[in-house]
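Chain order of the listed sequences is A and B.
Under our numbering, residues 5 to 253 are what the first sequence spells out, in order.
Under our numbering, residues 5 to 253 are what the second sequence spells out, in order.
These are calculated hints, taken from the structure and not from any lab test.
A couple of the hints might just be wrong.
Note: identical chains are not told apart, hence a pair may lie in one copy or across any two.
As the list claims (entries may be wrong) - The calculated EDC-like cross-link candidates involving lysine to aspartate or glutamate, where the alpha carbons are at most 20 Å apart (straight line), are:
(1) 92 x 150
(2) 45 x 17
(3) 29 x 6
(4) 53 x 12
Protein chains: 2
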Amino acid sequence: MDSAALLDLLGNENRRRILRLLSRKPCYVTEISEYLGVSPKAVIDHLRKLDDAGLVESHVDDGRRKYFSIARNLRLEVNVSPYEFGTKSAYSASPNLDITSWRHVSLHVGRDAGGNDTASAGGADSSPDAPRADEADEGGNGADHDLGDLVSDIEQLERLENELSMAQRWVQGRLTQTLDRISAHFEGVDGRFYGDLIRGLAGGSETADALARRVDAPPDVVADALDGLAAHGVVERDGDRWRLVTDNA
Amino acid sequence: MDSAALLDLLGNENRRRILRLLSRKPCYVTEISEYLGVSPKAVIDHLRKLDDAGLVESHVDDGRRKYFSIARNLRLEVNVSPYEFGTKSAYSASPNLDITSWRHVSLHVGRDAGGNDTASAGGADSSPDAPRADEADEGGNGADHDLGDLVSDIEQLERLENELSMAQRWVQGRLTQTLDRISAHFEGVDGRFYGDLIRGLAGGSETADALARRVDAPPDVVADALDGLAAHGVVERDGDRWRLVTDNA
Chain A
5 MDSAALLDLL
15 GNENRRRILR
25 LLSRKPCYVT
35 EISEYLGVSP
45 KAVIDHLRKL
55 DDAGLVESHV
65 DDGRRKYFSI
75 ARNLRLEVNV
85 SPYEFGTKSA
95 YSASPNLDIT
105 SWRHVSLHVG
115 RDAGGNDTAS
125 AGGADSSPDA
135 PRADEADEGG
145 NGADHDLGDL
155 VSDIEQLERL
165 ENELSMAQRW
175 VQGRLTQTLD
185 RISAHFEGVD
195 GRFYGDLIRG
205 LAGGSETADA
215 LARRVDAPPD
225 VVADALDGLA
235 AHGVVERDGD
245 RWRLVTDNA
Chain B
5 MDSAALLDLL
15 GNENRRRILR
25 LLSRKPCYVT
35 EISEYLGVSP
45 KAVIDHLRKL
55 DDAGLVESHV
65 DDGRRKYFSI
75 ARNLRLEVNV
85 SPYEFGTKSA
95 YSASPNLDIT
105 SWRHVSLHVG
115 RDAGGNDTAS
125 AGGADSSPDA
135 PRADEADEGG
145 NGADHDLGDL
155 VSDIEQLERL
165 ENELSMAQRW
175 VQGRLTQTLD
185 RISAHFEGVD
195 GRFYGDLIRG
205 LAGGSETADA
215 LARRVDAPPD
225 VVADALDGLA
235 AHGVVERDGD
245 RWRLVTDNA
């Protein structure tokens, strides 16, 4: 989708609030209207624009009520720098499909023994002998950098940027796929909500109250759900905080 | 800077055009006004908003003319998915500074012999024995994925996402630094423009005309500049196309 059209859409606070709401659960117009404090007419107008752009979709349930939800994964990146105003947007392809086109991406960023920064990116077909940018970065400003080296650096950094973007789109697709599978585990008991809680704890332990604020749900509902997840052996209590039960903990 | 405020700013087509123009060269109000076909008053209003947000800055030259330019590196990422509406924005820290805080980032995405997808991310302090998510992805929908594995995947994917974002901010800072150095090489002969041309060729060979469209400059000016870069041994002609001279070519 066109980045400019996407920025026009996202430049509106109410549309952003609608997307945030729909990312938590599918909603019908009256619900959105009440949540936002905006007239149903205005909500319908926003939804139509989001629908036209392919960002949201709707389905009608048994009670003939029309529910809106976010249609698919989309990622937008904007770079602003003295040399660039760049925008990039892309749907994340299927996690399974995407990976075949760039079998191996490696990024190594470190500081070698001499205190120099090094960066290397191995492209799809260059994994064993990945080109390497060893930059003599003596920290002196105005040091006489070899022009050829600088040009070679630009080339590598451009490629690295593209590969990192692809990697991020892959991660996004994989996150959605994994959250789908977690939801499927809890069918009937609002699996999406359980998935949200798990994701909310992925960055580290949290108190039930902090988690409730994060997923924007009532604290007692979150407390109940955490007990449910604990019964599945997925989370555990750690004092007044909760954390995920994983091998990496 | 606040992502919402940034999206509000970027949601305006004329402000995006101003940023695109300033990323090519510092400009004064009348120049911008003529380029955009918008009144100086409106341009001043846009510039004030961009200035307030720290996106542009101005300096007055010898002739007392006020020039505007893009102030610094900034990156915005927006994730839209059925489970998320997330925005993230950050200034890219100094390329030298940033690297000390995450000495080693490695990403390996591939498809192992059994046809399974694997992803691993090595964090700052876990490089030798980076945790690894080996996901038995049999391609079956509704296959009974172990909940513990899925939770562990979420944790790893979240961390990978953060590390990739940091890596991209590092790349952005490094690109700007490298373009600064290239510009310094051509002091007096519009080094910024030479830097643009080099970056324009970083993705592969181009004809002079295609490159002229890309950097939005007159074809004869681009042709002259390419001859200049060729004299420096930085680019070379390949039939009717131009390409960078690097070890990786």
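Outcome of the hint check:
1. 92 x 150: neither (31 Å within a copy, 36 Å between copies)
2. 45 x 17: Intra 16 Å, inter 26 Å, cutoff 20 Å: intra-copy only.
3. 29 x 6: Answer is neither; intra-copy 26 Å and inter-copy 25 Å both fail.
4. 53 x 12: both (10 Å within a copy, 17 Å between copies)
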